[in-house]
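Heads up: the sequence lines are chains C and E, in that order. In case it helps, UniProt numbering puts the first sequence at residues 1 to 311. In case it helps, UniProt numbering puts the second sequence at residues 1 to 395.
Note that these hints are calculated values from the structure, not bench results. Just so it is clear, CB atoms sit at the ideal spot from N, CA and C, and this is done for glycine as well. Heads up, some of the hints might be wrong.
Stated by the list, open to error - Computed cross-link-like contacts, DSSO-like style, restricted to lysine-lysine with a CA-CA straight-line distance of at most 27 angstroms:
no.: 1; chain 1: C; residue 1: K87; chain 2: E; residue 2: K200
no.: 2; chain 1: C; residue 1: K90; chain 2: E; residue 2: K42
no.: 3; chain 1: E; residue 1: K196; chain 2: C; residue 2: K90
no.: 4; chain 1: C; residue 1: K172; chain 2: C; residue 2: K90
no.: 5; chain 1: C; residue 1: K92; chain 2: E; residue 2: K196
As the list claims (entries may be wrong) - Per label pair, the in silico range of CB-to-CB distance:
no.: 6; chain 1: C; residue 1: G274; chain 2: E; residue 2: S341; range: 39 to 45 angstroms
no.: 7; chain 1: E; residue 1: G195; chain 2: C; residue 2: N310; range: 28 to 34 angstroms
no.: 8; chain 1: E; residue 1: D378; chain 2: C; residue 2: Q144; range: 58 to 64 angstroms
no.: 9; chain 1: E; residue 1: I310; chain 2: C; residue 2: S17; range: 51 to 57 angstroms
no.: 10; chain 1: C; residue 1: A163; chain 2: E; residue 2: P58; range: 44 to 50 angstroms
Each chain, written out:
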Amino acid sequence: MAINLREIALKEEKLVSGHRLCAGCGASIIVRMVLNAIDEPVVVANATGCLEVATTIFPFNAWNVPWIHSAFENAAATIAGVEAAYKALKRKGEIDREIRFISFAGDGGTYDIGLQALSGAIERGHRAVFICYNNEAYMNTGIQRSGATPRGAFTTTSPAGKAIPGKPQKRKNLTEMMVANGAKYVAQASPSHWRDLMEKVKKAVNTDGPAFLNIYSTCPRGWRTPDNSAISIARLAVETGVWPLYEVENGKYKINYKPPKGFKPVEEFLKVQGRFAHLLKPENAHILEEFKKDIEEEWKRLLSMEEATNK
Amino acid sequence: MKTQIKRIAIEGNEAAALAFKQVNPDVVAAYPITPSTEVVQKFSEYVANGEVDTEFVPVESEHSAMSACIGAAAAGARVMTATASQGLALMWEMLYIASALRLPIVMSVSNRALSAPINIHGDHSDAMGARDSGWIQIFSENVQEIYDNIFQAVKIAEHPDVRLPVMVGYDGFITSHSEEMIEILEDDVVRNFIGKYKPKYTLLDVDNPIAVGPLALTDSYFEFKVAQAYALENSLPIIKQVGKEYGDLTGRYYDVIERYRTEGAEYIIVAMSSTVGTAREVVDTLREKGLPVGLLKIRVFRPFPTEDIINALKDAKVIGILDRSMVPGSFGGPLYHEITSAFYHYEKRPIAQAYVYGLGGRDITTQHIEKVFEELIDIGKKGKPNPLTYIGVRE
Numbered sequence: 001m002a003i004n005l006r007e008i009a010l011k012e013e014k015l016v017s018g019h020r021l022c023a024g025c026g027a028s029i030i031v032r033m034v035l036n037a038i039d040e041p042v043v044v045a046n047a048t049g050c051l052e053v054a055t056t057i058f059p060f061n062a063w064n065v066p067w068i069h070s071a072f073e074n075a076a077a078t079i080a081g082v083e084a085a086y087k088a089l090k091r092k093g094e095i096d097r098e099i100r101f102i103s104f105a106g107d108g109g110t111y112d113i114g115l116q117a118l119s120g121a122i123e124r125g126h127r128a129v130f131i132c133y134n135n136e137a138y139m140n141t142g143i144q145r146s147g148a149t150p151r152g153a154f155t156t157t158s159p160a161g162k163a164i165p166g167k168p169q170k171r172k173n174l175t176e177m178m179v180a181n182g183a184k185y186v187a188q189a190s191p192s193h194w195r196d197l198m199e200k201v202k203k204a205v206n207t208d209g210p211a212f213l214n215i216y217s218t219c220p221r222g223w224r225t226p227d228n229s230a231i232s233i234a235r236l237a238v239e240t241g242v243w244p245l246y247e248v249e250n251g252k253y254k255i256n257y258k259p260p261k262g263f264k265p266v267e268e269f270l271k272v273q274g275r276f277a278h279l280l281k282p283e284n285a286h287i288l289e290e291f292k293k294d295i296e297e298e299w300k301r302l303l304s305m306e307e308a309t310n311k
Numbered sequence: 001m002k003t004q005i006k007r008i009a010i011e012g013n014e015a016a017a018l019a020f021k022q023v024n025p026d027v028v029a030a031y032p033i034t035p036s037t038e039v040v041q042k043f044s045e046y047v048a049n050g051e052v053d054t055e056f057v058p059v060e061s062e063h064s065a066m067s068a069c070i071g072a073a074a075a076g077a078r079v080m081t082a083t084a085s086q087g088l089a090l091m092w093e094m095l096y097i098a099s100a101l102r103l104p105i106v107m108s109v110s111n112r113a114l115s116a117p118i119n120i121h122g123d124h125s126d127a128m129g130a131r132d133s134g135w136i137q138i139f140s141e142n143v144q145e146i147y148d149n150i151f152q153a154v155k156i157a158e159h160p161d162v163r164l165p166v167m168v169g170y171d172g173f174i175t176s177h178s179e180e181m182i183e184i185l186e187d188d189v190v191r192n193f194i195g196k197y198k199p200k201y202t203l204l205d206v207d208n209p210i211a212v213g214p215l216a217l218t219d220s221y222f223e224f225k226v227a228q229a230y231a232l233e234n235s236l237p238i239i240k241q242v243g244k245e246y247g248d249l250t251g252r253y254y255d256v257i258e259r260y261r262t263e264g265a266e267y268i269i270v271a272m273s274s275t276v277g278t279a280r281e282v283v284d285t286l287r288e289k290g291l292p293v294g295l296l297k298i299r300v301f302r303p304f305p306t307e308d309i310i311n312a313l314k315d316a317k318v319i320g321i322l323d324r325s326m327v328p329g330s331f332g333g334p335l336y337h338e339i340t341s342a343f344y345h346y347e348k349r350p351i352a353q354a355y356v357y358g359l360g361g362r363d364i365t366t367q368h369i370e371k372v373f374e375e376l377i378d379i380g381k382k383g384k385p386n387p388l389t390y391i392g393v394r395e
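Next comes chain C alone, as it looks inside the complex (with noise of 0.2 angstroms):
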C-alpha cells in the first residue's frame, strides 16, 4: 500500500497536458493524483461541470483512460451501468481485465443536483470510487452557492449583503450521509496531503464495493485566491481544522491528521481568500464565531466517533 514517490514519477500520465483548466485549479491537481495512485485500468465518469467542460473541447480531449460525460447528476449512475456493464460481460467471458471504475463530480454534482444518483449507486453497492473534486460552489456556472459551500461563504447566489452577509447555512455533511448510505470505504483527503491522499485512493479501488472519497479542491476564481496558492490554502484547510482528514473503513472512523499543536487560528485560512474577507470584519463577528463552532463541533464529534468505533 505504500506509496513511492519515484514509482509515481516514471508512470504514464493520465490526465494530460491540453486541458483548459483555470490556472491554479485543485481539479486537475487531484485528479492527477487519484489516476496515478491506481495501478489497474480505470473507467472514469464524468458529472457535468468545469472538470468536464475544460478536459473535453471537441475535437481536444485530455484523458488518457476511457471516459464518459452523459449529464450534471448522474455520474453515479452512469458509472454504475458502465460498471454493471463490466460484470455481465465479464460472468459471460466477453472480457477477463482487471477494470476499475470512478466517478468524478463537483460538490454540486455531489451534494445538490447528483445525490439521489449517487446514493442509490451506493445503495445497490457497484463497485465503483464516487469522488466528489469540493470547491465548495458551483464554480462552471460562475460561482453560485451549493450544498457544500461553507457558513458565511460569499458566492454570487449568497453575497455578503448588508442584511445577509454570506451563506446562512453551514455545510451540509456529505461525508457522513455517505457513511450512514453504507458505502464501504469513505473519506476526506486533501491534495495538501498527497500521500494520504493517494493512499485513500489506493484503499477505495480495492474496496469490494463502493466507495466514496470527498476531496477538497480549491478554486482560484471562486475563492478570489492568487493562482500559486492551491496547496497552500488546502493545506491551511486541514491545518485550520476547515478540513479533517478522516477515513471511514467498515464502520471504524480514523483521523489521519492531528495537529500536534492544536489547529492554526482559522482566521489565516480566511484571511487570504476573497470569499470570507467580509467575515473579518467587526460587523460580522458573529458569523466568524459560527464558524469557528461549525469546526469545533465537527472536530469533537470525529474524535469521539473514533473513540467509539475502535474500542
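Position chain E relative to chain C; hints supplied.
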C-alpha cells in the same frame, strides 16, 4: 425458413418481458412505473431464477435507469429497459443523450397519460413528449406486435448503419394488460435473428481509450446534430428491411405503415396502436355497406415515413387523423401536424380533419369511429374541414 409455431396466451407486458428474456441482454436497468411495472417485475423473476445472464440494475429513478443504460451501452453491452408516462418524462434529458451518443438501447414503453391530473391510463402523451429526442419510435397494435417489435427493435438499433436507440410503444392497460394468444419463437431462433452484438466502440477497451460525450462548442455542435438527424432518417430503409427479414422468418411481415383497404378509399382514418384494431373492424363493416373507406396505420412515427404516408393518402378525398395526445394551444395533435406538413408541397392532397381522442384512457369505440367516418363523408361534401374535434369528451 418458417419455424415451428408455438402459441401461448400472454399479457402485453409479459410478452415484452418474455421478448426481453429471449434477447437475454447484458444489462437491464429499470425502475417500475404503472402500467409498465410488470415488464420489470417479470424480468426480475427471470434474473432471480437464473433464466437470463443479464446484469439487472434496479435503479432509484427512471432518470438513473436511462443514465445507467447509457453507461452500460457505452461500455459495449446490449441494453434494454422499460418505462411509461412520468418515467419517460423523467428520462427526457437522458433520451436526447442516448440518441446523440448513438447508443442502441431498446426500451418498451407502455404508453400512458401525463400529469396533471395524475392518471395511470393509456394515451400517447408520454411518447409524443419524447418524439423529438432522436429515438426511433415504433408503436404496437396488439400483444403479438409488442413481442415481434422488440426483436426487430434490437436488430434495427444495433444495425451498423443505424446505431440509435429504439422505443417500442403499446397502449397502457389496453394492450399492456390484455391477454391475447400470440405466436412465440424458440430462443435460438430469436438469437439467430438478432445475432451477436458487436459494438463499434467501447469504454471497456482500456487499451484504446475513447471519450464519450465531450463538450462541442459552436464550431462543431451543429455538425454533430445534423449527422444524428441523417442517421435517424437513414434508418427508415433498415427498419423496412428488418421487418421483411422478420416476415420471412415468422410469416408476419412489418412495414413502417400498414394500409388497410385503402385501395379506392375516399375516406381514410389514420391512427396508431390499439385504436387501429377497433378502426379495422369499422372499415370492414362500412365496406360491406359499400362505403369507400380505409384505414392507415402508422407503425413507425420516428423517423416519420413521409413518402409512404403520402403515397397511401394522396388519392383520398378526406382523411381523419386520430391523435391520442394533445398539443395545447395548437390546432391538432402531433400526427396531424406531421401529415399535414408533409402534404404542404403537394398540389393533390386530401382534406385533413384533426381529432384528439382517448386521453387518460377514455374509450374509443366502434361507434366513435363510425361517427368519424360519417363526419369525413360530410366534410367531403362541404369541401373543407371542421375545427379540431375531441372525440367522446363532455364539454
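Hints, one by one, checked against the model:
{"no.": "1", "hint": "C/K87 <-> E/K200", "in the structure": "holds (20 angstroms)"}
{"no.": "2", "hint": "C/K90 <-> E/K42", "in the structure": "holds (25 angstroms)"}
{"no.": "3", "hint": "E/K196 <-> C/K90", "in the structure": "holds (16 angstroms)"}
{"no.": "4", "hint": "C/K172 <-> C/K90", "in the structure": "violated (38 angstroms)"}
{"no.": "5", "hint": "C/K92 <-> E/K196", "in the structure": "holds (13 angstroms)"}
{"no.": "6", "hint": "C/G274 <-> E/S341: 39 to 45 angstroms", "in the structure": "violated (55 angstroms)"}
{"no.": "7", "hint": "E/G195 <-> C/N310: 28 to 34 angstroms", "in the structure": "violated (57 angstroms)"}
{"no.": "8", "hint": "E/D378 <-> C/Q144: 58 to 64 angstroms", "in the structure": "holds (60 angstroms)"}
{"no.": "9", "hint": "E/I310 <-> C/S17: 51 to 57 angstroms", "in the structure": "holds (55 angstroms)"}
{"no.": "10", "hint": "C/A163 <-> E/P58: 44 to 50 angstroms", "in the structure": "holds (47 angstroms)"}
Hint compliance for this structure: hints 4, 6 and 7 are not met, and every other hint is.
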